[in-house]
Amino acid sequence: MAKGSIAELLENLQEYETKEHIAGAQKAFELARGIYGNELRESKKFCIKHLVEVAGIVAGLRLDCNAVSAALLHDAVADGRISAAEIEKATNRETAALVDGLAKLKRISLKIKNIAEMENMRKVLLATSKDIRTLIILLAERVAELGEIGRLGGEKQKELAEENLNIYAPIAHKMGMNRIKDLLEDSSLKYLKPEIYSKLAGMLSAYQKEKEKSLEKARQALKKKFEGLRINAEIQGRTKHIYSIYRKIYERNIKFNEIYDLVALRVITGSVKECYELLGMIHSIWNPLPGRFDDYIARPKPNMYQSLHTTVIGPDNKPIEIQIRTLEMHRIAEDGIAAHWRYKGEMGEKDYDKKLLWLKEIYDWQRGKEEKGNIDSLKIDFFENNIFVLTPKGEVIELPEGSTPIDFAYAIHSDLGGKCERAKVNGKLVSLSYALESGDNVEIVTSPEQMPKSAWLNFVKTSKAREKIREALQIQAAKPPKARKRGVRQVIIKASDKRLRLAKCCSPLPGDEVVGILTTKRKISVHRANCENIKILGSREKIVSVDFSGGKGKFPASFAVEAKDRPNLLSDILNLISRDSVIISSAEAKSLGKEQTACKFVVMVSRPEQLERIINNLSNAKGITRAYRV
1 MAKGSIAELL ENLQEYETKE HIAGAQKAFE LARGIYGNEL RESKKFCIKH
51 LVEVAGIVAG LRLDCNAVSA ALLHDAVADG RISAAEIEKA TNRETAALVD
101 GLAKLKRISL KIKNIAEMEN MRKVLLATSK DIRTLIILLA ERVAELGEIG
151 RLGGEKQKEL AEENLNIYAP IAHKMGMNRI KDLLEDSSLK YLKPEIYSKL
201 AGMLSAYQKE KEKSLEKARQ ALKKKFEGLR INAEIQGRTK HIYSIYRKIY
251 ERNIKFNEIY DLVALRVITG SVKECYELLG MIHSIWNPLP GRFDDYIARP
301 KPNMYQSLHT TVIGPDNKPI EIQIRTLEMH RIAEDGIAAH WRYKGEMGEK
351 DYDKKLLWLK EIYDWQRGKE EKGNIDSLKI DFFENNIFVL TPKGEVIELP
401 EGSTPIDFAY AIHSDLGGKC ERAKVNGKLV SLSYALESGD NVEIVTSPEQ
451 MPKSAWLNFV KTSKAREKIR EALQIQAAKP PKARKRGVRQ VIIKASDKRL
501 RLAKCCSPLP GDEVVGILTT KRKISVHRAN CENIKILGSR EKIVSVDFSG
551 GKGKFPASFA VEAKDRPNLL SDILNLISRD SVIISSAEAK SLGKEQTACK
601 FVVMVSRPEQ LERIINNLSN AKGITRAYRV
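With the UniProt record's numbering, the residue at position 138 of the sequence shown is 138, and numbering never jumps.
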């Protein structure tokens, strides 16, 4: 496959791209050279040479210049050398999005620990790759690395070979990219089973020499026949790749001399009609072998492979397989979805969409069913109604689209869901109502004081989470906290009750778990269920149940921030808070010593989720060590 130097890469791009787009790829190269300079990879190859090789493979597949630019920068965001925003500024938004998508895929691949997890990892990679070009670049990177594996240590060789065989080759197969699949599989066998690989390579080489004269006779006979009838067709030789031979011998118990398609002739012609005409012509020259004809033109394979396969008794009375296909079929057979990308500019959108419907059949990897529908671009979801997220240990959890950290927690264990207080996604705190995406790394932070909340029912997606939350709420309603033991009357007070007063000590919000304390003035003071003052007041005041979920309007909420002291700290925090369009009622700050500052704020919000979002934004800000509700 095409690799080469930057000059060769740019020359290759000139065959199908505009000068303006090529200039963009040149900018990406200059940016990559500035980032990596003369750095060496583990294999002692220059980083920049590796990047150019990956981009060369992508250009060889005739992907657009944005994909080529992303290939030149494919490790930059993942390595932490540059941000996606900086790439966008230096190149363009689409290139930056591709590199950012690659960083996410690479973050997922780091979670792989053993072969048993690799099938799930294939699903996660497919589901996470919203733009198919990121997967193609990832595969191109794997191909470029094949020349480096021999320079690495034995354990590293085995690790890369297992990943290529169990993750990336199957992905290439499902995408119809058979050239890449074959390269990855053969290389994997070479390093995982070197003795078997060497033995099969020797047997295949000897067989090729044995069949060389017979094949050449058949090729010349066909060429003469085609020229006599003025048929424009190309005749190629094809050798079966070694891993495919290995599978037939060692997994299907077929003897080497019983494999008829070790070598074959491939005829490439101009139209489907000519394919069938040539088939008839070939059968008139040599007798076909019974049971050895397959029509993949009329019945394409799931990855859109099309060709006529026939085995005939050729010259020297030896069987020869002959494949007949059009040039378009040949390109698709070799490069799969990448070939379809090329054809997008050569045909109408309607025809192109029709061609790409086969992508939906990739779903059969997961659930064995067909999905139909038009595809507007190569930015698609492989698993339309499901997402795949990762636990901190790298385990894959499958959830419905739109699922939240609460759904994730309940999917692991009911106790984890019920005690879920906070969640981190890719290392950052997020709201419990945050919509997870495929490839997210999710960590749940629990608290023994936490209880399921009725507000959770407004955003959870899974039936398990909904069922467990309702069960917990029913138990809580049947046994209000400590109230029954005190003989307090069981009255549920609604949010609209004019007697309600919100306790300033804990600032409850609609959706919080709350209790009411009946005061001497016949008012009801509403506290959050975990408020420390309930323990004090509850011994001498009456506790009543309050349904505060329907509260409307804006309510005061307090939270604190601890941060390293610096100039403009308070101003920067206020700017972060104001992004959420909330009113700040009060703000105060005090020194904690040792260059640490504590700030306390009161803001007007309508729901706990709004406050939680503000706290999460602050928690992820530079220099802030802690942000929490008070």
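Don't take each hint at face value.
[To be verified] Calculated cross-link-like contacts (lysine to aspartate or glutamate; reagent style EDC-like; alpha-carbon spacing at most 20 Å):
(1) K600 to D547
(2) K419 to E588
(3) K248 to E328
(4) K273 to D316
(5) K211 to E195
(6) K45 to E94
(7) K199 to E251
(8) K590 to D565
(9) K225 to E328
(10) K27 to E11
(11) K424 to E395
(12) K106 to E395
(13) K552 to E609
(14) K564 to E532
(15) K199 to E216
(16) K248 to D261
(17) K523 to E562
[To be verified] Have a look at the derived ranges for each label pair, beta carbon to beta carbon:
(18) K428 to A7: 24 to 30 Å
(19) S578 to R626: 17 to 23 Å
(20) L327 to V445: 19 to 25 Å
(21) R238 to E15: 24 to 30 Å
(22) K223 to E401: 53 to 59 Å
(23) S284 to A23: 51 to 57 Å
(24) E15 to N287: 17 to 23 Å
(25) T391 to E258: 43 to 49 Å
(26) P567 to I475: 40 to 46 Å
(27) R151 to R466: 50 to 56 Å
(28) A7 to V445: 49 to 55 Å
(29) E30 to R292: 21 to 27 Å
(30) I475 to K600: 43 to 49 Å
Hints in this document: simulated from the structure, not taken from any laboratory.
Computed from a predicted structure; not experimentally measured.
Glycine included, C-beta positions come from ideal geometry on N, C-alpha and C.
Hint-by-hint comparison with the structure:
Restraint check for K600 and D547: the C-alpha separation of about 28 Å exceeds 20 Å, so the hint is violated. About 32 Å separates the Cα atoms of K419 and E588, which puts this hinted pair outside 20 Å; it is violated. Using a Cα cut-off of 20 Å, the hinted pair K248 and E328 is violated, with the two alpha carbons roughly 29 Å apart. The hinted pair formed by K273 and D316 fails the criterion: a straight-line CA distance of about 30 Å is larger than 20 Å.
Between K211 and E195 the CA atoms are separated by roughly 24 Å; this puts the pair beyond 20 Å, and the hint is violated. A threshold of 20 Å between alpha carbons decides the hint, and for K45 with E94 the separation of about 29 Å lies outside it, so the pair is violated. For a cut-off of 20 Å, the pair hint linking K199 to E251 stands: about 16 Å separates their Cα positions. Taken as a hint, the K590 and D565 pair is honoured in the structure, with Cα atoms around 10 Å apart against an allowance of 20 Å.
Using a Cα cut-off of 20 Å, the hinted pair K225 and E328 is violated, with the two alpha carbons roughly 23 Å apart. At most 20 Å may separate the alpha-carbon atoms for a hinted pair to count; K27 and E11 meet this at roughly 15 Å. With a CA separation close to 16 Å, the supplied pair K424 and E395 stays within the 20 Å bound. Restraint check for K106 and E395: satisfied, since their Cα atoms lie roughly 16 Å apart, inside the 20 Å limit.
This hinted pair checks out: K552 and E609 have alpha carbons roughly 14 Å apart, not beyond 20 Å. Taking the CA atoms of K564 and E532, the gap is about 29 Å. The hint is violated against a cut of 20 Å. A C-alpha spacing of about 26 Å is found between K199 and E216, which places the hinted pair above 20 Å, so the restraint is violated. This hinted pair checks out: K248 and D261 have alpha carbons roughly 11 Å apart, not beyond 20 Å.
Distance hint between K523 and E562 is unfulfilled; the C-alpha atoms sit about 36 Å from each other, more than 20 Å. A hinted range of 24 to 30 Å is violated for the C-beta pair K428 and A7, which are about 42 Å apart. About 21 Å separates the C-beta atoms of S578 and R626, a value consistent with the hinted range of 17 to 23 Å. For L327 and V445, the hinted distance range of 19 to 25 Å is not satisfied, since their beta carbons lie about 58 Å from each other.
Range check, R238 to E15: Cβ separation about 25 Å, and the 24 to 30 Å hint holds. Roughly 55 Å separates the CB atoms of K223 and E401, a value that falls within the hinted 53 to 59 Å. Checking the proposed 51 to 57 Å range against S284 and A23 shows it holds: the Cβ atoms sit about 55 Å from each other. As the Cβ distance of E15 to N287 is approximately 43 Å, the hint placing it in 17 to 23 Å is violated.
One distance hint, 43 to 49 Å for the beta-carbon pair T391 and E258, holds here, with the actual separation near 47 Å. The hinted range of 40 to 46 Å is not satisfied by P567 and I475, whose Cβ atoms lie roughly 52 Å apart. R151 and R466 have their C-beta atoms about 54 Å apart, which keeps the hinted 50 to 56 Å range intact. Checking the proposed 49 to 55 Å range against A7 and V445 shows it holds: the Cβ atoms sit about 53 Å from each other.
Remark: the range hint 21 to 27 Å for E30 to R292 is contradicted by a beta-carbon distance near 55 Å. Hint check: I475 to K600, Cβ distance near 35 Å, so the stated range 43 to 49 Å is violated.
Of the numbered hints stated above, those contradicted by the structure are hints 1, 2, 3, 4, 5, 6, 9, 14, 15, 17, 18, 20, 24, 26, 29, 30, listed in ascending order.
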